[in-house]
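Asks: If you want the building blocks of each chain, they are given just below.
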Amino acid sequence: MNPIEHFIKTIMLSKKHFLMHGILALLLFSAAACDGILDVSNPGAIEEEELTDPALEQTMINGVIGEFQYTHSYASQWTGTVADELLLDHTFAQTIPMVLRTADENNVYVNNIYSFWQRSRASADDAASRLQVIHGDDAWSKLNMLKALAYGGYSYVMLAETFCEVPINVSAAYSPEDLFGMAIDRFEQALEVAENALAAGEPGARVEQLRNMAYLGAARASLNLGEMTDAESYASQVDEDFEMWNRHSENSARQYNPFRDPTTGANNRYLSPGLPFQNLDDIRVPHTAEKLTSLVEGTMMYIPYQPYSFSDWTPEDSLEFQRSTDVRIASALEARYIIAEAQGPTGYTLNLVNERRLFVGHDEVNLAGDELMAELREQRARDFYLTGKRFGDLRRYINLYGIDLFPSGTDPFQGQTYGNVTCLPIPQSERNSNPNL
Amino acid sequence: MNYKKLLFVCIFLAAMPLAALAQTGEIRGTVTDATSGDGLAGANVIVRGLNIGAATNIDGEYTIANVPAGTRTIEVRYLGFQTRSVAVEVIAGEVVTADIRLAESQLSMDEVIITGTAGDTRRRTVGNAISRVNAADVMDRVSNNTVTELLQSKTPGLTLVPGSGTAGTAANMRIRGAGSLSGSNQPIFYVDGVRIQTGGQGNFTVYGQNTSALDAINPSDIASIEVIKGPAAATIYGANAASGVINITTKQGSMGEPNINWNARVERGYTSWPESWRPTNYALVTQDRLDNPDLWPSMVGMQVGEFYEHVPMSDNPDALRNGLMNKYSLSVRGGGPQYSFFVSGSRDEEDGVFYNNYSNRSSVRGNFRFFPSEQLDFSVNASYANNHVRLPLNDNIAYGLIISSWLAVPGRQYTGAGDVGFFTVAPQYANTYNNQTRSDRFNISSTVNYRPFEWFHNRLQVGVDNNARRAQLFYAPDQTGLAPFGVNVANGYIAIASPKTSIYSVDYGGSLQFDLNEQIRSDFSFGFQFEAVDFQNATATGEGLGSEAARLVGNAAVTSGSEAFSETRSFGMYVQEQIGWEDRLFVTAAVRMDNNSVFGTEINRVFYPKASVSYVISEAPFFEVPEVDELRLRAAWGQAGNAPGAYAAVRTYTTLIRTMEDGSTQPALRYSSFGNPDLVAERSSELEIGFDLSMFRDRLGLEFTYYNSTTRDAIMGVSVAPSTGFAGSTLENLGEINNRGIEAMLSVVPVALNSVHWRNTFAFSTNRNELVAFGDDRDPMIFGIYHPVQRYQEGKPLGAFWSQRASRGEDGVMRLEPDDIYMGPSLPTRELRYSTEVNFLNGFRFFALFDYQGGHYQFNVKDMRRDRARISWETVNPEADPDEVAARALWAQTYHHVQPADFIKLRDISLSYTLPANFVNQLGLNRATFTLAANNVAVLWTRYGGHDPEINFHGDATFSRVDSWTAPNFRRITGSLSIDF
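Line by line, the protein sequences are chains E and B.
Residue 358 in the working numbering sits at position 358 of the first sequence, and the numbers go up by one each step.
Residue 265 in the working numbering sits at position 265 of the second sequence, and the numbers go up by one each step.
Isolated chain E (complex conformation) (with noise of 0.2 angstroms):
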């Protein structure tokens, strides 16, 4: 090679290098700079700073409600057919351990209806929180406050009764005995709050009714402790006309009355009153007539009408869930049961038992003993029948009073043998999650 053609390859040769170089050195400025085109928005969530801000406290507070609805519906549900308020026949394979009482902790409507109610839990639990956060010493007297306070005490017993065990925010698990007490503790201090915000001037009737809603929670979760001087001390201080109502609406699926779906329709139709429930000639506890078709071929069923403590319940008239259709929750009845149950059979329980017989145009009795409780928990059955109260009642006559009123023998439309179920288990997706199980 000439030292011409060697001088203009080497130039040529380094003017490549220099760019490569040069190439190299741009790519890692780039690297360096370019994080800034990768910012995006995302409209429809919120994020967890902005929970503290104000301006979002009464759509939290919404939420704490709008969950513990939501939940309380889907609940009375399925734990009415493991209770024996329903009897259900479906082609979905996951429905039927819940009504054989055999579901584990793999079925579906267990990790439901526990899912729902940890989340109505801590949307409450949260929510008190933050409004501490928000308000400072001032929440303390605040409405929402009182809110985040009753309806998590409420979500707190419903999951003492439905679970054998729960954890709380994957702690260890906590019995039944330990969650009735928190919910307790909740219950005590709404009432505090009520009584701070009345001073507050925060709205009179709407504080009263969520004082009677925290007394009938305490009065609740005492009667399941055994806590009988507490339950009646608690259940004697609720006004006697006071009532809280799930509300549902047309507006969305998840606001739906949750029994209208599964009673409607000549192929749809899948929930029957239990065998307890049937015939018994009880306006509060309606149903049709005759057998009907239902989503099974060839099953024909019973099929509940709306009972008493549902919006359009009527003493003359058997009526249809409608997806409007609101449930009584809680009610200055349920208080003079608590006080019944707490008292024994003395004769304030033989004058409620009466009382109730003769609203539905039954004679009276003259009870005394075993046999009067027997017929006091009778008529709570069907007062509060598919209002979510008759899987915990069951569970507190066997721990309590050793009287097993489960369903047992073989299931009338599955033509097996019931299981032993009593509570149910946490579901895998917390033993999944949970270092603490």
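These are computed hints drawn from the structure, not numbers from a lab.
Watch out, some of these pointers could steer you wrong.
To be verified - In silico negatives: residues of chain E with every beta carbon more than 12 angstroms from chain B:
no.	residue
1	W140
2	S175
3	G204
4	S236
5	A289
6	E297
7	R323
8	G361
9	Y401
10	I403
11	F406
Claimed, not checked - Examples of chain E residues lying across from chain B (beta carbon under 7 angstroms, computed):
no.	residue
12	P43
13	G44
14	I46
15	N62
16	G63
17	G66
18	V170
19	T229
20	N251
21	N436
Unchecked claim - Derived SDA-like pairs (lysine to any residue); straight-line CA-CA distance at most 20 angstroms:
no.	chain 1	residue 1	chain 2	residue 2
22	B	K500	B	Y450
23	B	K796	B	A773
24	B	K500	B	Q472
25	E	K291	B	N733
26	E	K291	B	L482
27	E	K291	B	L295
28	B	K500	E	G44
29	B	K500	B	T539
Don't be surprised by glycine CBs; every beta carbon is placed ideally from N, CA and C.
Put chain B on the given structure of chain E with help from the hints.
Replies: Here is chain B on its own, set in the frame of chain E:
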């Protein structure tokens, strides 16, 4: 010099060219495909040693003028074909004709392939296996309506599991097994270098199948498809490419002499569901039934003890039809010295076998390339496609026609919306189900190649893929009083959705190629890619329509709406250095950096390295095996990522509407996504080694690859502990997943005569998939519809099947055994495809494709429910084992119904005839071909209890493999005529 001498000199000089001309001749001829006889456009024909030559035109014709007289050697080169040299005697002043036939090359070492870098990359330099599907050839042989069908059974290592035979539905696609639990296992797609959206079209649920965005691409527009299989090859594509990359190249025109060539094609046929592909149900004739003819009308006249037999949907003419198919296409391609073009239009109409199922597509495409100078060229590719799909109700819903007929007790009259042979819904009601999805897809890409110097190549690609859909679900107000689709919609119901996905991409690549010395060449590549994916969807529903005529949401009594939105951004850059030694040994190293908006806030960027070597050992001086034409050894190792979905890393809340205690409706906070700030893309590392071999003058070709791929930080949808208040799952980088196997493709040409050419191709692949570790001490994750029969469990394949067996205890009670039984994987572990093609009698071509898949299982819900309903022969046969009958009918028993799914199918068969050229030329045509083809012809053998195991209730589901009232893949028979003019 006096004037006479000057005149003589001038005359002499003037005569010189003439004298020179008198010393040259001309060579003409045609270059054709030795197999088909077609002219090969764009082949290079050069005169060796003289540096003169020509390119063939669209008909394969060439002319080389001014060739010095004498014995000359012309050499013909064409990618994908063997190079040939022919000696010709050039006579001065005359034209000599040299027609040359080229045979296909098995290995195509110098074939240019797409690797994601700028510049031309030849196959010989790449260390990993790349499979190419010649789409144009495939479309000539078989009847394929979609890209999915085009890819099916063509490439070892690419497994397609079609969901169903419902027209317009999606399939599940895997390359080298499943590398992810919760991330996508689908490869990413590029069309002409631009990323496109795949996945569903956003149809309203039919409780099973989904529509596919891939269906918007007309397979007739595709020239070739390259399948880049694993991380070793896909490193350059970065954080989305761990599941592989599929590059689609559409047809282009041809530069050179001005040329224009038209093609018109008409294809017609039908799809059917043969009765022999459906089971027979049985009902015992009893006296009770004979005494109740209203309830059992079909048993009238029968005897007690007989069986009434019935094949579902065989009696009612409204249940099934032969679905007609029509396809029309017209295209023109051509070009000139500095431009080329390809323009096409097509209309495809496919009716499914159900009366309310069809899939129609109209598409147009224009591809233009311009070459203003040697240094600069640019192209614009644009396409528009309109899809319209209507889906029937089947799969996992009680109102579907399949479940209604499959579970009907034969001979019984059902009430309500049912009928004889239909227990929940009769065809006249089922066919009114109206679920339609339309899409308008616009795709445009532009590429500029600029070469300021011979050794410096720049390529810039920008593109937009815009897919706007409109889905509608409509129920007319029920006039029958039967509410066949449930009471919720009996008063009339309308739902609409408008999902829109836009993908914007910018891709720059540069390459510097220069010789370091006489033996060593350097190829340095670099570049960056930016992609933005925007999605939005507005939905609205209306309930309570006054009449069928008014069907807008605004006409309804109760309305609601919602909206969804997401956007993601990704940016990546790469550098790669390749050293080539004597053009036969190539060593490559590369690294790619990626960042993505979906990564957690704690993650800034990730890096993926790669290295490979390729050695064409057959070109080494020491290699002396005369039988071997080409032998290339290759090895590659690389990493690629699999990014999570948008916003997966962020903890979020949302709002929903609630009815408050006072009856008012207000927004209410709701827990939404748990989030994970440490979330990052999965990282897959792959080692592959293999070789490419051709022998006996390309009569035998073998490609072999062994791969071993491990995914670490596998993204898993981990249950969020509900005790946190959040439900569902969050994504975590947890575990380790391994895939390994072999791929081999053997091509044999036993007969290569002028009159008969016979090629056989065998493609074999295996895949062993294993969830190596979850990454923590969690229990197996169990899932499954109907029954929990599938799991993610360490040491087993992802989504493998377990079953529960029943047996009779000592007390005589049939019950489930306590322990679940491991059955096997849900995806094939071995696949073998055999295709044979015979060209004979100068114009005939016969093609057949056989497909074997095995080693996997399928959950046969159809037969499980038939057993429980006691209408299957297995349960009514008087000679059946009573214990087995009882076990089959026992609730939650699945052992008899998680069944092996091995099969052998005759997937495609065709016979075509190309009319003689001299005949069609008289008609003014260049070529005319008739083809008779059948797709999904027959299941020749299967271990599955049902007819077809290649079936899945949720077509594009990641791991679920359930035959839950799903329509199988139907047989399609078509005839077509294709003409060139």
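Asks: Now look at each hint and say whether the structure bears it out.
Replies: Status of the hints after comparison with the structure:
no.	hint	in the structure
1	W140	holds (21 angstroms)
2	S175	holds (15 angstroms)
3	G204	holds (15 angstroms)
4	S236	holds (24 angstroms)
5	A289	holds (19 angstroms)
6	E297	violated (5 angstroms)
7	R323	violated (9 angstroms)
8	G361	holds (32 angstroms)
9	Y401	holds (31 angstroms)
10	I403	holds (29 angstroms)
11	F406	holds (20 angstroms)
12	P43	holds (6 angstroms)
13	G44	holds (5 angstroms)
14	I46	holds (4 angstroms)
15	N62	holds (4 angstroms)
16	G63	holds (3 angstroms)
17	G66	holds (3 angstroms)
18	V170	holds (5 angstroms)
19	T229	violated (31 angstroms)
20	N251	holds (6 angstroms)
21	N436	violated (9 angstroms)
22	K500/B <-> Y450/B	violated (34 angstroms)
23	K796/B <-> A773/B	holds (10 angstroms)
24	K500/B <-> Q472/B	holds (14 angstroms)
25	K291/E <-> N733/B	violated (54 angstroms)
26	K291/E <-> L482/B	holds (18 angstroms)
27	K291/E <-> L295/B	holds (18 angstroms)
28	K500/B <-> G44/E	holds (16 angstroms)
29	K500/B <-> T539/B	holds (12 angstroms)
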